[in-house]
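Chemist: Next come the chains, spelled out residue by residue.
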Amino acid sequence: MADYNEKILDIHDLDITFNTTAGPVHAIRGVDIDLMKGETVAIVGESGSGKSVTMKAAMGILASNAAVNKGTIEFTYHHADGTQETVDILEKDKKWIRRHINGKRIAMVFQDPMTSLDPTMTIGKQLIEGMVWHFKTPKKEAWEKAIQLLKEVGITDAEKRMKNYPHQLSGGMRQRVVIAIALACNPDLLICDEPTTALDVTIQAKIIELIKRVQKERGISVIYITHDLGVVAKVADYVNVMYAGKIVEKGKINEIFYDPRHPYTWGLLSAMPDLNTEDERLYTIPGSPPNLLREKTGDAFAPRNQFALEIDDKLEPPMFKITETHEAATWLLDPRAPKVEMPEELKARIERMKKEAEGYEES
Amino acid sequence: MKNHENASPVLEVQGLKQYFRVSRTYTVKAVEDVSFKIYPGETYGLVGESGSGKSTIGRSVIRLYEPTDGKITFAGKDISGKISKADNKTLRTQMQMIFQDPMASLNPRKKVEDILGEGLDIHHMYANRAERKAKIQAILAKVGLAPEHAARYPHQFSGGQRQRVGIARAMIMNPKLIIADECISALDVSIQAQVVNLMKDIQEETGSAYLFIAHDLSMVKYISDRIGVLHLGHLLETGTTEEIFSNPIHPYTRSLLSAIPSPNPIVEKTRISENYDYRTSGLDYTKGTDHLISGSHYVKCTDEELERFLKH
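For the record, the sequence lines run as chains A and B. The first sequence lines up with residues 17 to 379 when you count with our numbering. The second sequence lines up with residues -17 to 294 when you count with our numbering.
Among these hints, one or two may not hold up.
Simulated pairs of lysine-lysine, DSSO-like, Cα-Cα distance not exceeding 30 Å [said to hold, decoys possible]:
#1 A/K86 / A/K330
#2 A/K222 / B/K251
#3 A/K111 / A/K141
#4 B/K124 / A/K222
#5 A/K363 / B/K182
#6 B/K251 / A/K23
#7 A/K228 / A/K371
#8 A/K337 / B/K251
#9 A/K222 / B/K11
#10 A/K141 / A/K222
#11 B/K251 / A/K72
#12 A/K232 / B/K251
#13 A/K167 / A/K156
#14 A/K337 / A/K355
#15 A/K72 / A/K232
#16 A/K53 / B/K11
For the record, the hints were derived by calculation from the structure and aren't laboratory data. Values in this document were obtained by computation on a predicted structure and should not be read as measured data.
Next up, chain B with everything else stripped away, as it sits in the complex:
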């Protein structure tokens, strides 16, 4: 467990609400009152099923959406709402994103060196061509690609290599925060492990913080220091990885954990995963408040609900 006593958070999200108005009578409430903090050098895992609002949070943080309500603070500066041009510029270098599908997020008509160099070009981060080239070569080496890969196009790579290019593109700006939106979901299990290990190595070296968005808790366990569980836009349970895995309180978290198949056939053949359905569970997320379980482990529910959870 990392010590946050003296550090100030690199990202602080307070009471974030993100609504999308579809028509005059119908509004999608994608994110409801979500708060969390990310400290320098740590990884915060955001998990939940599709439609739970986890990608929306990532996109709100990086200012792709305008938040309906709430405050987002990055490195001590409020970045929700209107910000100055200078702030916008620093934000665009210090916060980067890695996307799910590496093929769709890399320009097929650009060579890897130009994909990686685009950010450097825009922000004039080199004095001459040689420096630009050196920076690109250095980042390629860091993500485990060969120097000759710089002259290739995205379609000439395998899925795992493409995701490495995606990581290199984010890392080259030396960001303080990287938002990784389902960046391993499209890869094979063995390649997923390679990418997760790579991201951990880079974090150790550069001290960047990650917001790691995923639906697969088993991989999140390896990379995250803290985890937030999201369902229908509500942050239901949050705590350190250890707290969530050893003592899951909320039935939704428990159903997520029980859905992970383990490679143990005799056990797995007889085990039925726990069912969870919000409509029949009798829970009301909107009435819930944060309850402290232990340490930094919080569960969002009402008092009666908590009692019910703890009885299990």
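Bound conformation, chain A alone:
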């Protein structure tokens, strides 16, 4: 297993605004994320919560109308001779990032494999492109390596597939190819932005198992961006729950799933379809995500929160520490707050989950 003590990515107090024709949109409002080597971190939230923007900032591929107001993104990597270097990605220019980071040390897998592959190039050409550009690998050697990669991600007839175009492959195969391309330059960090949302459930399960296997074999770190908590349960070591550009709860996977503290996390967990109940109706979080064009004082989640306190409308809650690793930003955790328990249904469900989990040893 990889060395767990080395921090590879440290996002600190990131704050991003987009200048649009309708006015400034404050998309990221102070995000902190740490990632250790070999670990998997999941970022969970609804669309528009800022999870993709955070990771695009880490890749240096923000849209041109984005302005970073403050914060740092420190990325640590090793040179070929083993010396360690830490850089702040936000201070580097685009050209430097392209040369040294994108594809080489941080690779990204996007949601829709059809739009992230070039329809006019064969699979093989797209696979060797990065190797030839970053490492000046001779074409022949890169070709051999590409075939190995295709085999690694579970594509049969790899030699034949190298000459295929993306439209000749099925959705699941295409996503496998995208993963192979991401792995081509041996990156230290793999960012998966909703890698399975466009795929069928059966293929989703296989792609997730593939990413897990590759991660274990290569000891790389993975950041998962998703809105599906079932996927998170399968892959993540740590979870960050994001709402309206802020992280509202973070912790180890078991802390988030078996002992959630933020009302938004309660809502997300309750909204997951449950195969073990006879319930006729699904729980939904009332209302819709906030419009970030209009800044709101206090807690952004308060209007949708049935447990909201008076102070929620006036002052934004800080992160309250629950354990060493578990934090949540809700006034409910303040010692002065009235005692509020999570909804009964969710409590029963977590009890049932715990019961089911007995007998399974954590591996």
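Given the structure of chain A, go ahead and fit chain B onto it with the hints provided.
Modeler: Then chain B, alone, in the frame of chain A:
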């Protein structure tokens, strides 16, 4: 479980075959001998992976394709093949469709009121402007949108709201049957729940039947009364939601069920989903016949295959 003893089905599909001839030597057999019934007020969930033919069935039912073989009966009338103009007209009001991508299925240059009113205009379903407006306002309220939304364009809505417009457009004609083709797949999990709940509420109120097409069994469980599992054009297993979920027989159904990730990390981390590959499974779908398991639970397979399934 709803009682169908006295009711006659609103839709009956018998031995539907849908082939597409690609060239002289190659024909895609998208749907092979599929039969099912949908009763008034119930939801029939059609599940399967992409390419299994589930959308094709929906499109054949609504007459976007001409069936190669088989019979489709809607409200007691045969609607496969040529039909009279009058029949076609009633069909177009009583059978409606909701599509997967709400952005692509709504005309970006029309206001919501005109999108919703288009069907009313064509079929002259109002006496004056005031009645048209009242009908549109009523349907907007029903799907949880505000009256001022009528004057907006589709791009001014969020994904969940757009799908509500799509549902409103289908509902405004008071149809007997709605075909919902992957209508929640493009939405966030929490928004999916809202849309599913909305569709259930509307069904309770209007008594429309749904043909709900999806690949995600976990959501289908909440909305469907009965489920059909489709693979490579064959309807492999069909039964009530309860029968399918508590006692899945066919290995393909089982693999679909095991692919659903559960939000329970300790269990989920160690669990590997069941694999199913038709080519290596040794099954032959074309030889299968329907075998009754219990109640209304049928599995399509041969006798030997059934024995093998039951041993598991």
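Chemist: Give a verdict on every hint.
Modeler: Okay, the hints, checked on the actual structure:
no. : hint            : in the structure
1   : A/K86 / A/K330  : holds, 24 Å
2   : A/K222 / B/K251 : holds, 14 Å
3   : A/K111 / A/K141 : holds, 23 Å
4   : B/K124 / A/K222 : violated, 40 Å
5   : A/K363 / B/K182 : holds, 26 Å
6   : B/K251 / A/K23  : holds, 24 Å
7   : A/K228 / A/K371 : holds, 26 Å
8   : A/K337 / B/K251 : holds, 26 Å
9   : A/K222 / B/K11  : holds, 26 Å
10  : A/K141 / A/K222 : holds, 25 Å
11  : B/K251 / A/K72  : holds, 28 Å
12  : A/K232 / B/K251 : holds, 13 Å
13  : A/K167 / A/K156 : holds, 17 Å
14  : A/K337 / A/K355 : holds, 17 Å
15  : A/K72 / A/K232  : holds, 25 Å
16  : A/K53 / B/K11   : violated, 49 Å
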